[in-house]
Amino acid sequence: MKVSARVAGTAVLAALTLALTSCADDSTGGGTPTGTNGGGSSSAAAGTIKSGLKIAFLPKQVNNPYFDTSDNKGGKVAVGEFGGSYTETGPSEASPSAQVSYINTLSQQGTDVIVVSANDKDAICGALTEAKSQGAKIVTYDSDTKPECRDLFINQASTEGIAKSQIKLISDAVGPAGGEIAILSATANATNQNAWIAAMKTELQKPEYAKLKLVATVYGDDQDEKSFQEAQGLLQAHPNLKGIISPTTVGVAAAARYLSGSAYKGKVALTGLGTPNQMRQYVKDGTCQAFALWNPADLGYLAAYAGGALASGLITGKEGDTFTAGKLGKFTVGANGEVLLGDPFTFDKSNIDQFDF
Amino acid sequence: MRESARRPLWTVLWSWDALVIVALVLVIAVGTSTIDGVGTPRFYRFVVLEAIPIALIALPLTLVIITGEIDLSVASTVGLTCCVLGQLWHAGVTSLPLLVVLSLLLGAVLGALNGVFVTVFGLPSLAVTIGTLAFYRGLAYVVLGDRAVADYPVSWTRRMISPIPHTTIPWFVFVVGALALVFGILLYATPVGRALYAIGNNDVAAGFSGIAVLRTKFWLFVATGACSALAGVFWTFRFASARADNATGLELSVIAAVLLGGVSIFGGRGGLVGVLAAVALLGVLRNALQLADVPANDLTIVTGSLLILSVVGPNLARQARDRLRRRRPIPALERTQ
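For the protein sequence lines, the chains are A and B, in the order given.
When we follow the numbering used here, the leftmost residue of the first sequence carries the number 2, and every step to the right adds one.
When we follow the numbering used here, the leftmost residue of the second sequence carries the number 921, and every step to the right adds one.
Simulated from the structure, these hints should not be mistaken for laboratory data.
Listed next, with one range per pair, are the computed distances between beta-carbon atoms:
hint	chain 1	residue 1	chain 2	residue 2	range
1	A	Gly321	B	Trp1076	31 to 41 Å
2	A	Asn337	B	Ser935	53 to 63 Å
3	B	Val1029	A	Lys227	22 to 32 Å
4	B	Ile1221	A	Gly111	19 to 29 Å
Source: prediction; values computed, not measured.
All C-beta atoms, glycine included, are put in the ideal place defined by N, C-alpha and C.
Here chain A stands alone, though its shape is the one from the complex (with noise of 0.2 Å):
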């Protein structure tokens, strides 16, 4: 009687596993970036993560959609998947000291997993390494610290395939004449927005972008009204101007809500990297054929499942270290203490419907 009482128990439990993994299987939808290496048994490895862990998200800022859907449509969804109690706090405006202000909160309420998106990656060392030494462990996402101060960065993306993919999108939708083009980002000091500008800037040392010509850069500090006004500052300053790369979500449909409602509709072009729903109505009117991006949802469960796995001890965070992230499968961390979530994902007229976020 026991014996049997224990199999349909672990019966129950098998086909709740499996509704569960399955669901969250039907809500990745087609088609989005996913991990490196797909497969791998979710349950057993979601098994092994303590349960009951604390983990914060911590965003840049919040009232952002960007962020929303990472935590609230990912990060929340893995934490609930192996039983944590989840998180999301952070300032209102896009700060580093106000940052610090809640790593100390979080470091004081006894926080298991701090997942952070940095505002400056020098400025919150301090009090990264400080909540450290209070037991937690630090996952960066987004937006990168120095290496030392956290325990794993998860990369959305390479800056080289994020550089690859804006210059290739851009190039394509200014056509073979080429000509000048700008880059409109989001704070002068945001460390992923520089970095991917550096790189698309050795991108276009490639003979076969010879006809691109970068004249400008500006930063709309991802400022709806800040952005729009750079946009049309630029077509101003560059008559000439035959495309716009804005590498950040509230850039680029910023510059697209310009554009549209401005006679360069449709003469110059745009790309960038953005959110589906921000964009929808513009690449439907033409305004952009085609933009880039990972899926923000995804980033935020692999980082809740990274954290998972640290403070379970699963990992450390060293190279080599390999663990399962759900429905996503199964990472390894590379150099740097850097798990790479995979290569953008190129949105356009036939695909932009599949995704809500």
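Position chain B relative to chain A; hints supplied.
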């Protein structure tokens, strides 16, 4: 006549100072008993670390606002000082005392520029310092651009926030304390302090009574610049990062503290006791609410409400008092008739 006009004024001020201190004690008491983590030694350490730059700037700015002027460029002065300090270090200036002295000098010059525009050209400080707010921030970007200087010796950055032995409180509070003493004596115990209130109430009349209005204002702007620069030095080493956007928006936190501390934005009223209590109150409140998982949006609403209250509160209290005083004699008159 002047004596009798002054006394109720001081009563109002004293009561507002007391009110802020009572609020501070209440927030600490309630927070400590209801929110996990509030009131611990680490809690006070973090509160003090956050309050130091705000307090440093609030000290001289209180005097500036008492004279009826304003300095909105303080946060940009912090940012520019950070950048110049970082750039000097980058360029090979490795003596810490020299770096600090040069930073303070820079701050004094930036403050003097504000002072010259206000006192020599007679422009309104609101307009002047909105201009220099943008101008100094712009210069900061000229100096460092999108770079950050972050490779300071660990001993410097650690020393800047190291605690007083056997406590968790950073030693830098002594610097703030010393400056508070200097500004406090200046404001409460010298003729200059009296003169500041006189200027704030009526600078033309103050001028006719022999007070050097313009010179006083000029030096207050210089002091504000220098103190902002000191905050910049602290900022740079505390965060181990000099960047052009350092301390963006800090002027609002400072002005919020000064106003909540009971200083009238129109000048002539207020004091340092209330302001320092307000700096502590805002810091404790903010950190306590963060520990209670209050979202950032609600936090700004709380700070905003406090600020409105601090502007409206003393005014309402004064009006109520005036009305009471005016009403009281009337029934007496009626009775005699």
